[in-house]
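**Q** Following the hints, position chain Z against chain U.
Just so you know, the protein sequences line up as chains U and Z, in that order.
With the first sequence counted from 1, adding 51 to any position gets you the working numbering.
With the second sequence counted from 1, adding 1 to any position gets you the working numbering.
Since the hints were made in silico from the structure, they are not lab data.
A hint or two may mislead.
[Said to hold, decoys possible] Each pair of labels, with its calculated beta carbon distance range:
no., chain 1, residue 1, chain 2, residue 2, range
1, U, Gln-125, Z, Leu-11, 27 to 37 Å
2, Z, Leu-34, U, Thr-70, 33 to 43 Å
3, Z, Thr-79, U, Arg-69, 12 to 22 Å
4, Z, Leu-75, U, Arg-69, 15 to 25 Å
5, Z, Leu-81, U, Glu-208, 34 to 44 Å
6, Z, Arg-163, U, Gln-132, 48 to 58 Å
7, Z, Ser-235, U, Arg-69, 32 to 42 Å
8, U, Ser-65, Z, Arg-104, 52 to 62 Å
9, U, Arg-69, Z, Ala-85, 19 to 29 Å
Positions of the beta carbon are idealized from the N, C-alpha and C atoms, including for glycine.
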Amino acid sequence: MPDPLLSVTNLFVSFGDRTVIEDLSFTVQAGEGLAVIGPNGAGKTVLLKALLGLIPHSGTIRWSQDARLGYVPQKIEADRQLPLRLRDLLTAKTAVLKLPRTEVAQVTSYLGLTQEILDTSIGHLSGGQFQKALIAFALLGRPNVLLFDEPTASLDELAEERVYEMLHSLQQDKGMTVILVSHDLSVVYRYADMVLCISKGAPCMGPPREVLTPEMLETLYGTPPKYYRHAHGADVPPRNLRSSPE
Amino acid sequence: MHQGQFLFLLLALLFGLAAGLVGCFALMKRMLLAGDVISHLALPGLGLAFLYKIDPLIGGAATLFAGTLLVWRLQKKTGLTTDATIGVVFAAALALGAIVTPREDLIDALFGELQQVSLRGFFLGLVATLAIAASLFLLKDRLALTIFSPDLAASTGVNVNRVNLLFLLVFSLTVLVGLRFMGTLLASALIILPAAAARQLTDKLSGFLLVSAAIGVLSVLAGFVFNTLVLKLSTVGPTIVLFSALFFALSLLAEKN
Chain U
52 MPDPLLSVTN LFVSFGDRTV IEDLSFTVQA GEGLAVIGPN GAGKTVLLKA LLGLIPHSGT
112 IRWSQDARLG YVPQKIEADR QLPLRLRDLL TAKTAVLKLP RTEVAQVTSY LGLTQEILDT
172 SIGHLSGGQF QKALIAFALL GRPNVLLFDE PTASLDELAE ERVYEMLHSL QQDKGMTVIL
232 VSHDLSVVYR YADMVLCISK GAPCMGPPRE VLTPEMLETL YGTPPKYYRH AHGADVPPRN
292 LRSSPE
Chain Z
2 MHQGQFLFLL LALLFGLAAG LVGCFALMKR MLLAGDVISH LALPGLGLAF LYKIDPLIGG
62 AATLFAGTLL VWRLQKKTGL TTDATIGVVF AAALALGAIV TPREDLIDAL FGELQQVSLR
122 GFFLGLVATL AIAASLFLLK DRLALTIFSP DLAASTGVNV NRVNLLFLLV FSLTVLVGLR
182 FMGTLLASAL IILPAAAARQ LTDKLSGFLL VSAAIGVLSV LAGFVFNTLV LKLSTVGPTI
242 VLFSALFFAL SLLAEKN
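For reference, chain U alone in the conformation it holds in the complex (with noise of 0.2 Å):
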């Protein structure tokens, strides 16, 4: 096996007196797509940044040398009332970067962001617009790694879909790495190669169909799961099954 793209060893956060992750060990390799899922408050989201290197942390965070992450945040805290248009947030991190202004026209009309669109002001896109925009963002730079949180939190389910259309084609077209929180299992079930549970217990790893059994997931979330398996071909539970935690 080639050496990993990521390799986590003895992962620990705390905030404090409260420790968050404990002691995780995992490993990636490149054009994996790898679905961390957990209860709420288990630490997924503190995973992410600790992975991004935005949180203290101890233990080993190693990426290979040729990793350029792009991060897609859950939410945004920011007053979305800023006088900013998505040009300029997507133009000033080119200048942070020092990329060519180009980089801005090539991702923005791979995701069908329109001129218009990019004329708008943030806090005037839709749900849709602005998860997009903030893929776009994280696409500058040319990442082959995608750190996702939470992809379609309070999206509806059309956006949703095509979000994940995105997903699917930025892993099959471009061979990225692509790091996923989700609570959605249908979307662990159809763009996870690895899952990755977290939660007050040991941790769990390995493909969907060995990892989402019943009895991890009701260990999991500590409700009994509402979902099935097929016994064949792609392990897709219907949409409306889906497992919900909250």
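**A** Positioned in the frame of chain U, the structure of chain Z alone reads:
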């Protein structure tokens, strides 16, 4: 107009420009009122300078920058919100300043004074305003990202803490340049009002900066002219502030482009 008066006006116009630019980012960071605290931090220094007959700007600068670092450290250490830190530092600095400032100098310290400026003072002010404009130009993109989302900014490689500190220092430098014209009570007004007016007129970052800077300059010019020709007061600050408030009122009538 004497050369000294002319230089004074020129410097005031430059201050209007710098304050307009700084105000844009302060408005976006929701720290416009921090300007009040920061300007009041200069009061104890001004008072001590009057008391011991040294250059008031040196005294003001000393406590201003020390206080700015204190605000930044307090926020970082205690996790208190900006307004809580403001509440604490504002009160202490104002009280201390009122005690140490000689009575006869208090009004000048609070509202600024209309005076001439020496060639040396002019060049110092010129360098300061150029430094403010250049810093903001260089920090503009990092600031925009930090304001939008500190996490996204950090994931882009921006040192968010350093950007915040640099902005606070630029903000303090702006207040310092403005102390001479506006005094500690009003120095922050020209940071607040033009930005608030410009926000009514545009949704675009570059437009916001340009309009705010223009309103800052126009407020100073209108205030000077009106004070010189009509009011003939010894302090020009209040007139400048009233004109910028008038521009804000007018901006409410206009629709965003």
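**Q** So, for every hint listed, does it hold in this structure?
**A** Checked hints:
1. Checked against the hint of 27 to 37 Å, the C-beta distance between Gln-125 (chain U) and Leu-11 (chain Z) comes to roughly 50 Å, which is inconsistent with it.
2. Range check, Leu-34 (chain Z) to Thr-70 (chain U): Cβ separation about 38 Å, and the 33 to 43 Å hint holds.
3. The given range of 12 to 22 Å is respected by Thr-79 (chain Z) and Arg-69 (chain U), whose C-beta atoms sit roughly 19 Å from each other.
4. Distance hint check for Leu-75 (chain Z) and Arg-69 (chain U): the Cβ-Cβ separation is about 24 Å, which falls inside the suggested range of 15 to 25 Å.
5. At roughly 42 Å, the beta-carbon separation of Leu-81 (chain Z) and Glu-208 (chain U) lies within the given 34 to 44 Å, and the hint holds.
6. Between Arg-163 (chain Z) and Gln-132 (chain U) the beta carbon distance is about 26 Å. The supplied range of 48 to 58 Å is therefore violated.
7. As the Cβ distance of Ser-235 (chain Z) to Arg-69 (chain U) is approximately 59 Å, the hint placing it in 32 to 42 Å is violated.
8. Distance hint check: the CB atoms of Ser-65 (chain U) and Arg-104 (chain Z) are about 55 Å apart, consistent with the given range 52 to 62 Å.
9. Distance hint check for Arg-69 (chain U) and Ala-85 (chain Z): the Cβ-Cβ separation is about 23 Å, which falls inside the suggested range of 19 to 29 Å.
In summary, the structure is inconsistent with hints 1, 6 and 7 from the numbered list given earlier, while agreeing with the others.
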